[in-house]
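Trainee: Protein chains in written order, with the numbering used here: chain A, 237 to 1248; chain U, 359 to 791.
No lab work stands behind these hints: they were computed from the structure. This one's a predicted model, so the numbers in the text were calculated from it and none came from an experiment. All residues carry an ideal CB built from backbone N, CA and C; glycine is no exception. Just so you know, not all the hints are guaranteed correct.
[Unchecked claim] Cβ-Cβ distance ranges computed for the label pairs, FRET-style:
no.: 1; chain 1: A; residue 1: 1166; chain 2: U; residue 2: 473; range: 23 to 29 Å
no.: 2; chain 1: U; residue 1: 694; chain 2: A; residue 2: 1001; range: 51 to 57 Å
no.: 3; chain 1: A; residue 1: 978; chain 2: U; residue 2: 466; range: 35 to 41 Å
no.: 4; chain 1: U; residue 1: 473; chain 2: A; residue 2: 1170; range: 24 to 30 Å
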Amino acid sequence: MSQAHDKNSRSGNDNPVEYWRSLRHRKMDPAYREMLEREFPEGITEKPLNLNRRSFLTLMGASLALAGLASCRRPEEKIVPYVSRPEGVIPGTVQKYATSMPFGTEFFTLLVHSREGRPVHVSGNDANPLTGRSSNVWANASILDLYDPDRSQFVLNNGAESSVAAFADAWKALAEKHAVDKGTGLTVLSGSFASPTLHRLRREFLDRYPSARWIAYEPVDDENIRRGMETAFGRNVQPVYDFSRADVILAIDADFLGTESRSLANARSFAGRRHVVKETDGMNRLYVVESSLTQTTTMADHRLVMPASRMFDFLLAVAGELRGMGLSIPAESVTPNIPETGKKWVEAVASDLVRAGKSALVLAGRKQPPHVHALAAAINQALGNTGSTVTYKAPPFTLASDSGEFVSLVRDMKAGAVKTLVVLNTNPVYAAPADLDVRAAMEAVETVIQLSSHVDETSPFAAWHVPRHHYLESWGDVGGMDECIGVIQPLIAPLYQGMSVVELAGLLATGSMQKGYDLVRETWKSFLPPSSFEKKWEKVLHDGLLRHEVRKEMVQLDAAAVRSLLADTKPKVPSLSPRNLEIVFQPSLAVFDGRFANNGWLQEFPDPVTKLTWDNAAVMSPGTAEALGLENNDLVRLSYGGREIALPVWIMPGQADFSIGVTLGYGRQFAGRIGSNVGGNAYRLRTYAKPFIDTGLKLSSSLGKHELACVQDHHGLDTEKIAREGIRRRLPQLIREATLDEYRRKPDFVDEIAETPDLQSMWDDHVYDEGNQWGMAIDLNACIGCGACTIACQSENNVPIVGREQVLNGREMHWIRVDRYFHGEVENPAVRVQPVGCMQCEMAPCEQVCPVGATSHDEEGLNTMAYNRCIGTRYCSNNCPYKVRRFNFFNYTKDLPEIVQMAQNPDVTVRFRGVMEKCTYCVQRIQREKIAAKREDRELRDGDIRPACEETCPTRAIVFGNILDPNSRVTQWKRRSRDYALLGEFNLRPRTTYLARLTNPNPELTGKGNET
Amino acid sequence: MWWVLFGFASSGTLILLGSLGWLVWEGTGVWGLNNPVGWGWAIVNFVFWVGIGHAGTLISAILFLLRQKWRTSINRFAEAMTIVAVICAGIFPGFHVGRFWVAYYLAPVPNQMGVWPNFRSPLLWDVFAVGTYFTVSLMFWYVGMVPDLATLRDRAKTKIRRLVFGFLSLGWRGGNRQWQHYEVAYLLLAGLATPLVLSVHSVVSTDFATSLLPGWHTTIFPPYFVAGAIFSGFGMVLTLTLIARKVYGLENIITIGHLEKMNKIILVTGSMVGYAYIMEFFISWYSGNIYEVFTFVNRAFGNYAWAYWIMMTCNVITPQFFWFKRVRRSVPMMFVLSIFVNIGMWFERFVITVTSLSRDFLPSSWDYYAPTLWDILTFVGSFGLFFTLFLLFLRFLPAIAMSEVKGVLPQADPHRSDGPAQSEEAVIEGAAP
């Protein structure tokens, strides 16, 4: 058994210590302090896996064999190295296969780049009309999860190593027992899903065991929205927003570009309305009302700060205003209890919405309670945008999380009514609300069977733990409200023993072991015509998906129900104070609900807004911090509902006063070497009645310090006045922006922002006037700062992670980072983002100063690095005005477990310590496409080469291409009047330029205090 | 006494070796460097030591050419200090690179791949400038020492000493012709060394001045660095001289008058440095460039203001005390002030190197740099090496240029009469009676 496994199962058998419950214990215990302070990966030097050369080759052989059989054919599950090369496998080339990544009731359709049978990179599947080539941070980082050395590798029976066959036998015995009692006391608790096959198997399971239950629980889901729609329309429908048609958007606590569901599709369609090509083009307008800065804030034209618990008041005020304008909304008119600025805001928003009519959209976030959603739906109905910007669909193939059923399940478990519990791909012991006491309930269950990728918090309670295969190793399918259904097909034979979700569901439903492939194929027989099934099926496997329109439901507003719901929920205005704070739980943009906690890329992924890595925090406004006498990094105790956790303080501008934002997904006990004990577990405060927003939180005074690893200084807030002033003065030059009106009046406004002197060079200029001259343009008006580029780049270019301590030391390695700036008032600033990678300056300051010529230009205008030549003087980095160069202060990859090395891109050198590295415009992709074009005896086409950042960008804000080609997209972008070079006045001639940001404020609101 | 000092110093050397070993073993990350601040204490120390190494050649060569005879009492001393300081300086750029074992790439070694160093890079200029300076200083020092080495040979009590000094003294016999050749060679070397005094630190300053960084990118750097180097060099010579003078009882040879002259130079160069500081500020404001303006305001009032004000106090205010003759001639006072000068000049380099890097163009990359234990130990260790080598010099080589001092003694004056005895001091100073 491997070391890592030993470690996991050992700790799994221990009585789990609840680190975050007893604060006194935390404070006293030096070991605990040490754990908190320790450089991240405990035992990063441990060799986790006994993967010797022989087994590695076996594995490789297996992968190659699999790849050779291309995913569009039935994979042979024999592990043999091939003697003769399988058709279609050319060593050294990238092969792309289509598959899908399930994500709750959502999914991402992907193309996975495979190298000699190893999946190494993912990008979006452009056959999907909604998301195209785009993918997001989570999909990009999922590659690393596949090669996670801490993944569970053995079936465990009460902690002892066992086998899948033994488990299947054990299940047969249980199944026989339950066949007699018709499944009484048999329950399946799964994560939510949207999958035709799982849906079918669940039905078969329930048919087989009529008294059994199969419910889903997810800590973060759209249940509030569903409940709201049930009230409004009396039906189980979900709203689907079409931002491409929306001119005016009012987002109520809805981070629809970030943590809400379908954010990838949202980002793409939203940003589609921000690609302003010429002065006559229009642009959407976004109003945001929220309690803290979110991903969506970056795009807001107007933002109102308000505690999350008061959103209903605000929406009622809007409804009242709209009623006043003659719209019929079934809500009592109330005197809006919102601040003065808010009133003006309400008026302006309401009239803007009415003007937009069918092109208006009001949406509320999943954190808001059902009545807010019902009211939002009523407003949308009244605006007449149903069928245009919002449609309603009954989600097919979906099992959504249902907290009511979950609560009753837990009650039954405690009562001993549950004999057999199958926990499928969810982690209730970690993520369930604290007041349910799931641990006690789990202990009361006779037999717990768990399918999960890791030995996690739930595992100690499971008689049988079955490792779950990664989606890149398994068959399955997905299908929800998007316009397609997709297959999940394996790219690699399973690295460890275990089962896929579909296989286990198949065992539950049929009583026998069936191959995932057979189960999925069986399901798809209903989607494809039997006559040409084989042909169509092959095409589906090739494309990865099938267009599948979900019927739009015609909905009728149940005005009476809405009215009575709203009457029930009289707006209560909680008066927040230092002794009565609001607590808002939100999923992380890095580790989401905790499922990605052991993914180093995501732990080190800077939150797009706070820029924190490796930790969560109690986020508060400067005003709150002052009132409570707290500073950044102060460790405080959060007491709420009789429970306590400790978190460090992080002060953010734009946060509502006396509202504390807490990120879920951290504080895992058994996540693995990366994710265990990182941050604090906010689930330990959560209640099932108020899972997202509540008041009554109290904060202690500072208990000490815990330094948060932020990749940007928190300057702008608590730095000296000098620095603040310095930033304020240069910001307009760095991120140039204008309102849409200013832009129309003065299309070349960018040139007037910074004075560019007559530029002359000391050297004879090199003329780059032939062949391919690579360049890039980034549209700041489309970029939402999500950071998908950062992770895609990390995956493509083997960028190492460095750990919390090194991030604290300012040594993070990301080749493309997203800079975040605030401007405006501290109470409600505008957030601006700017992706910055190497600009490939023609007059590169780095090249001139390198004493050994390790960095120099190639004939295509790339600023290249010769790692072998680099001696590491770091002078290039000092002289780089963009500070995009990254130095290997230590040998970050030396102790990389062999299995993790499989995630590395073989086309990109893994850098040794002591050398400098940086963005290369993905030179390996450039070369690959050039070779391909040469072999096919053709010219390179624009778009053949897409660097990882461009490929993944959810908003298509990045284009790359040949700047000498007058028809290339990049040339066209650079010709736009908004194009400017960052720090261009220094005669660097960067090949990457930016298109200036535009805002579209409402002229009625451009008074003081509201414009963002 | 010597053994005690040597014990301390050699322990320091061990610390240096240990911390350099750890650095090479573990990686540059053991220092406090981070992404914006790619150069920290190592480069600060390098410039500091090179600066100290300036006074030696200045005293030997320039003052020799200018016939400043008072230099004879301290020139050997100062030259030795130069050599040792440059050795200390050389360690830092050598070891601060990420891959120490390939640092030889800096040398223009012909190779079959035709790869040469980048002659545009000031770091390469540095390699040549410091290398040349070291070589010429060593030659100058050694050539000047030949007559004295011969004296030591002649007075050697053991065979080993006689052999070693015999070898080193190159068969010096003190013949007239030898003296003639010697004088010419010495004069030529002085002439050769003189431009180096100006060139070395000018070149070192181009490490900063040719870059793009606000606060580095200034044309005033070469003269300002040279003035600063002389200032710091004299500070260090003064410190060492005062100790050696006390320990070895050289009060009659290194007289208070000599010391006063050194203080005058400190006053002048200190004022030049102060002028440069103010001029930098003025130019940054006058440029109207927001990045430049910010950098200087940030130096004075930003995150490293403490370092800036240490620098200002030590370098600009301290030397002004030397306007007073009483201070110039007070050994305790000048000792304290010379220490301040040393501290101030180290901080000058720190302020220049670190503050500019810490906050440059894009605020997103701004970060604070703080040294680690290993930064500090390496610096402390470099003092260990400095004193180790210096103490070895004091022990084994003639610390005072005997032949030169003899040459300016009253007894050496062919026209010396036995009239009223002049004060020795007046004669050595070359003051006409």
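Trainee: Hint by hint, which ones does this structure get wrong, listed from lowest number up?
Mentor: Result: hint 3 breaks, nothing else.
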